[in-house]
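Chemist: What follows is the residue order along each chain.
Number of protein chains: 2
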Amino acid sequence: MSKYSAPVNDMNFLLFDVFKADQFWQSNATLAENIDRETANAILQESAKVTESVIAPNSRNADEEGVTWNDGLVTTPKGFKEAYNVVAEGGWVGLAGDPEYGGMGMPKMLSAMHEEMMCGADLGFSLYSGLTAGACVSINAHASDQLKETFLPNMYAGTWAGSMCLTEAHAGTDLGLIKTKAEKNEEGSYNITGSKIFITGGEHDLTENIIHLVLAKLPGAPEGSRGISLFIVPKYNVNEDGTLGEHNALGCGSIEHKMGIHGSSTCVMNFDGAKGYLVGEENKGLACMFTMMNYERLFVGIQGLGASERSYQNALEYAIDRKQGKGSVKTADKKPESIIVHPDVRRMLLNMKALNEGARAFNTYVAMQLDIAKFSDDSEVAKAAYLKGQLLTPIAKAFVTDMGFDSCVAGQQVFGGHGYIREWGQEQLVRDCRITQIYEGTNGVQALDLIGRKVAMDNGNTANVLAKEVIQFAKDHEAEFPDELNQLIAAVDLLSAVTVDVLKKASSNPSELGAASVEYLHLFGYVLFGYMWAKMMVAAKNVEDKALSQSKIKTGKYYFARILPKIMSLKLQIESGADMLFTHNVEDF
Amino acid sequence: MSKYSAPVNDMNFLLFDVFKADQFWQSNATLAENIDRETANAILQESAKVTESVIAPNSRNADEEGVTWNDGLVTTPKGFKEAYNVVAEGGWVGLAGDPEYGGMGMPKMLSAMHEEMMCGADLGFSLYSGLTAGACVSINAHASDQLKETFLPNMYAGTWAGSMCLTEAHAGTDLGLIKTKAEKNEEGSYNITGSKIFITGGEHDLTENIIHLVLAKLPGAPEGSRGISLFIVPKYNVNEDGTLGEHNALGCGSIEHKMGIHGSSTCVMNFDGAKGYLVGEENKGLACMFTMMNYERLFVGIQGLGASERSYQNALEYAIDRKQGKGSVKTADKKPESIIVHPDVRRMLLNMKALNEGARAFNTYVAMQLDIAKFSDDSEVAKAAYLKGQLLTPIAKAFVTDMGFDSCVAGQQVFGGHGYIREWGQEQLVRDCRITQIYEGTNGVQALDLIGRKVAMDNGNTANVLAKEVIQFAKDHEAEFPDELNQLIAAVDLLSAVTVDVLKKASSNPSELGAASVEYLHLFGYVLFGYMWAKMMVAAKNVEDKALSQSKIKTGKYYFARILPKIMSLKLQIESGADMLFTHNVEDF
Chain A
1 MSKYSAPVND MNFLLFDVFK ADQFWQSNAT LAENIDRETA NAILQESAKV TESVIAPNSR
61 NADEEGVTWN DGLVTTPKGF KEAYNVVAEG GWVGLAGDPE YGGMGMPKML SAMHEEMMCG
121 ADLGFSLYSG LTAGACVSIN AHASDQLKET FLPNMYAGTW AGSMCLTEAH AGTDLGLIKT
181 KAEKNEEGSY NITGSKIFIT GGEHDLTENI IHLVLAKLPG APEGSRGISL FIVPKYNVNE
241 DGTLGEHNAL GCGSIEHKMG IHGSSTCVMN FDGAKGYLVG EENKGLACMF TMMNYERLFV
301 GIQGLGASER SYQNALEYAI DRKQGKGSVK TADKKPESII VHPDVRRMLL NMKALNEGAR
361 AFNTYVAMQL DIAKFSDDSE VAKAAYLKGQ LLTPIAKAFV TDMGFDSCVA GQQVFGGHGY
421 IREWGQEQLV RDCRITQIYE GTNGVQALDL IGRKVAMDNG NTANVLAKEV IQFAKDHEAE
481 FPDELNQLIA AVDLLSAVTV DVLKKASSNP SELGAASVEY LHLFGYVLFG YMWAKMMVAA
541 KNVEDKALSQ SKIKTGKYYF ARILPKIMSL KLQIESGADM LFTHNVEDF
Chain B
1 MSKYSAPVND MNFLLFDVFK ADQFWQSNAT LAENIDRETA NAILQESAKV TESVIAPNSR
61 NADEEGVTWN DGLVTTPKGF KEAYNVVAEG GWVGLAGDPE YGGMGMPKML SAMHEEMMCG
121 ADLGFSLYSG LTAGACVSIN AHASDQLKET FLPNMYAGTW AGSMCLTEAH AGTDLGLIKT
181 KAEKNEEGSY NITGSKIFIT GGEHDLTENI IHLVLAKLPG APEGSRGISL FIVPKYNVNE
241 DGTLGEHNAL GCGSIEHKMG IHGSSTCVMN FDGAKGYLVG EENKGLACMF TMMNYERLFV
301 GIQGLGASER SYQNALEYAI DRKQGKGSVK TADKKPESII VHPDVRRMLL NMKALNEGAR
361 AFNTYVAMQL DIAKFSDDSE VAKAAYLKGQ LLTPIAKAFV TDMGFDSCVA GQQVFGGHGY
421 IREWGQEQLV RDCRITQIYE GTNGVQALDL IGRKVAMDNG NTANVLAKEV IQFAKDHEAE
481 FPDELNQLIA AVDLLSAVTV DVLKKASSNP SELGAASVEY LHLFGYVLFG YMWAKMMVAA
541 KNVEDKALSQ SKIKTGKYYF ARILPKIMSL KLQIESGADM LFTHNVEDF
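Listed in order, the protein sequences are those of chains A and B.
So that you can map any letter, position 91 of the first sequence is 91 in full-length UniProt numbering, and since no number is skipped, the others follow by simple counting.
So that you can map any letter, position 489 of the second sequence is 489 in full-length UniProt numbering, and since no number is skipped, the others follow by simple counting.
Don't take each hint at face value.
Said to hold, decoys possible - Below, computed lysine to any residue pairings styled on SDA-like, alpha-carbon distance capped at 25 Å: (1) B/LYS566 <-> A/ALA287; (2) A/LYS326 <-> B/LYS335; (3) A/LYS566 <-> B/ASN85; (4) B/LYS571 <-> A/ASP493; (5) B/LYS335 <-> A/ALA287; (6) A/LYS179 <-> B/ILE320; (7) B/LYS49 <-> A/ASP588; (8) A/LYS326 <-> B/LEU218; (9) B/LYS323 <-> A/HIS584; (10) B/LYS557 <-> B/GLY577; (11) A/LYS566 <-> B/PHE582; (12) B/LYS535 <-> A/GLY227; (13) B/LYS566 <-> A/GLU64; (14) A/LYS557 <-> B/PRO219; (15) B/LYS571 <-> B/PHE582; (16) A/LYS323 <-> B/LYS546; (17) B/LYS335 <-> A/ALA497; (18) B/LYS323 <-> A/ASN509; (19) A/LYS335 <-> B/LYS326; (20) B/LYS557 <-> A/SER549; (21) A/LYS323 <-> B/LYS335; (22) A/LYS557 <-> A/VAL8; (23) B/LYS546 <-> A/VAL586; (24) A/LYS546 <-> B/PHE582; (25) A/LYS326 <-> B/GLY72; (26) A/LYS326 <-> B/ALA456; (27) B/LYS557 <-> A/GLY227; (28) A/LYS335 <-> B/PRO219; (29) A/LYS566 <-> B/LEU218; (30) B/LYS326 <-> A/ALA287; (31) B/LYS546 <-> A/ASN585; (32) B/LYS323 <-> A/LYS335; (33) B/LYS557 <-> A/LYS326; (34) B/LYS323 <-> A/LYS323; (35) B/LYS541 <-> A/PHE589.
To be verified - Calculated Cβ distances over 10 Å to all of chain B for the following chain A residues: (36) SER5; (37) GLY72; (38) GLN437; (39) ASP588.
Don't read these hints as lab results, they were simulated from the structure.
Even glycine gets a Cβ: it sits at the ideal position worked out from N, Cα and C.
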């Protein structure tokens, strides 16, 4: 596979030219202490160095070698341990962690960019540290001080890893069905018994200990999702002095053989009366887990972008190198030309570029909402940002990964036959990226979350606030790019009209929400990417880097001309309504 | 993987209710001798039996085991040899072959259905016999009687296989660049020297001999694609008495490691002065090969459908079996319900069903054009069908495989996490299907063939003839399904308007064709699938099988409501034109 080149320039442009992160950071006492423009740039440069030179070189071999299971022990591919040590020693696991427990306290806007580089370098590898950071978010938000002191410093330091143990064989999307039991011991701990599947990083050889966050049910707990509790269950028990004690009564029964992310272990985890510690309150476990899930969902969107960016870089290099046929513009020279002269190759590359850069801007925008919600001293501002973050999370997860997968497929297509051959690495990106549309709640579940919980249950209020924000921005800058900004206003109006229409129909038939959901999420996503491109085009007018400025404006115009029109068909598909989905009896399928 | 169930009912419906194949066959002296309704049905039943019980059971293991190369010899997965013997002994390789040389002389309409079953059962396995049948088409059309007598009977009998050797490392889409040389011997044969890559079935252990069709250049031949000749180059030379002689001077240098179709060998073939025999005239090889290519391209569309049909069957079974969550329609019962109650799961299944059945009808329609062109005694009728077949071939290849791939991805999505696990087989279908968008001319190349050669160079004449046919059909049956048939008329008008617009713009800028090509092919495909659905809905009203009738009408209505509206955005994307693709200099990417 070609080498990975971290898109640091674009990240700096987003942070400082588009989203004015330095102004936001300086205006906030907590952030101002930890971060400024120079620090951020140094972190991005260092992250680029590590991901490009230490992590990316392992990714092709890791796909071929995969993880291996032997009698409960999991061995990661060659080079992973050394690479993980570099990540741990660089403090990267705790980049956005709580400084009180050894984290670096960096904003999500910045750590999201580090995560993208990790995923671009090697998606499978990135999950070990990524899920650990996610587990820390949940522990830090809900666990007792004692548990935090016991676990967080080693997790931030990368010497211990984390995992999320939710799914059981019969309980995936529907976690209310889980059967894993928790029984309270006299000294306050719990015994956890049950079997979990699809546990990413449930077992591996990268760290001294693995801290599992496990969902389980107490005896007599309410049925369904209201009776679930969350526990910390370490692989090795931790003594009072912080040293490691006995191996807990848990083990990895097997690993899955998957389509991709072969470097990541996906484990069956068996808990046989393992000692665990309650996080948060009894029966409130799902809410505690969801604190983590929202961060994880943004992380999954970032994964989709990481793979897609790598695919774009490879495809662009191939399109310049590969000579085949002649362009229709200049045919005087009889020699074959780079395939980038062909309109359809350009179309594929520009689609990828426009969607990747739109996704990077969008992820940064969502991360900024999480930062404002977390750090702002103004509770009204924080709450508004929190709601916006909630609304946008399913879009960041599902739309960005759907676009990322399509882009990976397009990047493979640019390679022609070579795209199907493993050694080039393009097909690996398709296989790796595919999981991002499935795990952490399938993209269908995300779409239902968006239209059901985040829009309908909110009566469309937050969506309205956002629509007003976009229209205000478009009106403020209309004179600069009149065609595109008027198109954006029309797109927002279309989205708002569809929202009103679907909510109205759903009031008499709840199935209307599910029937509209996926196309609605895509419609929403395209409109918001339009907003991101409008912001980038406006910012690009004022940057010194003329190459970047020109490229941004050209790509933005491409997005509005060639991609945003997809919303017209989505609107019609949504309007066809739910009845059309329910005329078929099961035997008619 | 679930078992494969050949869609024989749907095939019978298409042949006899939709396309009135029996009337066509009976009206033609040549066909009437070989085929009637009962024979066709018996062949479909027997094909179903072989593919379901002999071929499909190997497919999962074949993916894991793959083909292996050792010192020039290629070993196919366990069970392939036994399965291939059944295929050979059943006469399936020569199903549509010339009866003069031992073929069964069946129409393409029927052999296309057998091919779909083969591909649904195991795409990788299907290529060995499928490419052999394709090679026979080329030999039968262009080779001398002596060559035909020497090679065709054994190839039809399945004792010898065929391969197509076109691509070289530096010459894929642009075959004009090939370097393989042919030098004439005194006795009339040629010595072939060069190296070919990506040769499907170039070497394997299934047959006694392998007959390679090789493109090469004679000394002093014109440059580019006008200087290419086609040769038969057997693995083992054939003695005058028909027995096998010495191993020819050729060999398999290595095999590729691919994303999918692991059971199919993809070979580097080295020719080192191998003895070959000219097919057709010198320097006219590309035209001879294209006779085969058109059949192969329809076969590739069939492959996309085969994988997609298998994916649909698996997904439907899973959606009925898997219980998770509760539908919004009936919530009285607290138990989890089959996920098929969820609107979005239904949407995915219905998309797959509507596209698969549309594709099956379309493939049959295209095959019928090839049959009319081949068998009709009326040269005007034959020529019109030939032109229509030429127009439709790139759509059958590219649109059907693009839809097939999307459907395989959707079928994987229905499985949630299990869709990513190899043992379920759903992800294999995604990997297997992916190649169909790439080989035999990438789908981008097909799109350029459609809009450039088949529409623009023809001044849109054949496209117009077809448009009139669709509108006539819609008007004749408007009263039966007024909403859908008026929507179809509007869709054809939209397609015609886009065609006129693009051709006009292209007259001053040839890049407009390439810029529009892929979206144009999709637009064309959706409209033609609409035509197929209209034909199926109309035919369904009069069939005795009420279950099939109802299902067809419901699915047809779904297609018009939920899928056909995609053309509105495609139109807008096409209208954005070529300029938008050429504002970026290479450094702006």
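Chemist: Now look at each hint and say whether the structure bears it out.
Modeler: Status of each hint after checking the structure:
1. B/LYS566 <-> A/ALA287: Violated, at about 39 Å.
2. A/LYS326 <-> B/LYS335: Violated, because 63 Å separates the two Cα atoms, which is more than 25 Å.
3. A/LYS566 <-> B/ASN85: violated, 50 Å
4. B/LYS571 <-> A/ASP493: Judged against 25 Å, a Cα distance of about 21 Å means the pair holds.
5. B/LYS335 <-> A/ALA287: holds, 23 Å
6. A/LYS179 <-> B/ILE320: The given pair, whose Cα atoms are some 22 Å apart, holds under the 25 Å limit.
7. B/LYS49 <-> A/ASP588: Holds - the C-alpha atoms of A/ASP588 and B/LYS49 are around 24 Å apart, at most 25 Å.
8. A/LYS326 <-> B/LEU218: holds, 24 Å
9. B/LYS323 <-> A/HIS584: Holds, at about 19 Å.
10. B/LYS557 <-> B/GLY577: Violated: B/LYS557 and B/GLY577 sit about 32 Å apart, past 25 Å.
11. A/LYS566 <-> B/PHE582: Roughly 21 Å between the alpha carbons, so the hint for A/LYS566 and B/PHE582 holds.
12. B/LYS535 <-> A/GLY227: violated, 54 Å
13. B/LYS566 <-> A/GLU64: violated, 39 Å
14. A/LYS557 <-> B/PRO219: With Cα atoms ~51 Å apart, A/LYS557 and B/PRO219 exceed 25 Å; violated.
15. B/LYS571 <-> B/PHE582: Given that 25 Å is the threshold and the Cα spacing comes to 20 Å, the pair holds.
16. A/LYS323 <-> B/LYS546: At roughly 56 Å apart (the allowed maximum being 25 Å), B/LYS546 and A/LYS323 break the hint.
17. B/LYS335 <-> A/ALA497: violated, 36 Å
18. B/LYS323 <-> A/ASN509: holds, 22 Å
19. A/LYS335 <-> B/LYS326: With a Cα-Cα distance of about 63 Å, the restraint between A/LYS335 and B/LYS326 is violated, given a limit of 25 Å.
20. B/LYS557 <-> A/SER549: violated, 48 Å
21. A/LYS323 <-> B/LYS335: violated, 60 Å
22. A/LYS557 <-> A/VAL8: holds, 23 Å
23. B/LYS546 <-> A/VAL586: Holds, at about 15 Å.
24. A/LYS546 <-> B/PHE582: Given pair A/LYS546, B/PHE582 holds - Cα atoms ~19 Å apart, limit 25 Å.
25. A/LYS326 <-> B/GLY72: violated, 36 Å
26. A/LYS326 <-> B/ALA456: holds, 19 Å
27. B/LYS557 <-> A/GLY227: Answer violated: B/LYS557 to A/GLY227 is near 44 Å, above 25 Å.
28. A/LYS335 <-> B/PRO219: holds, 20 Å
29. A/LYS566 <-> B/LEU218: violated, 50 Å
30. B/LYS326 <-> A/ALA287: Holds: B/LYS326 and A/ALA287 sit about 20 Å apart, inside 25 Å.
31. B/LYS546 <-> A/ASN585: holds, 13 Å
32. B/LYS323 <-> A/LYS335: violated, 60 Å
33. B/LYS557 <-> A/LYS326: violated, 44 Å
34. B/LYS323 <-> A/LYS323: violated, 52 Å
35. B/LYS541 <-> A/PHE589: Holds - the C-alpha atoms of A/PHE589 and B/LYS541 are around 18 Å apart, at most 25 Å.
36. SER5: holds, 13 Å
37. GLY72: holds, 20 Å
38. GLN437: Contrary to the label, A/GLN437 does not stay out of reach of chain B, its closest Cβ about 7 Å off (not over 10 Å).
39. ASP588: violated, 4 Å
In summary, the structure is inconsistent with hints 1, 2, 3, 10, 12, 13, 14, 16, 17, 19, 20, 21, 25, 27, 29, 32, 33, 34, 38 and 39 from the numbered list given earlier, while agreeing with the others.
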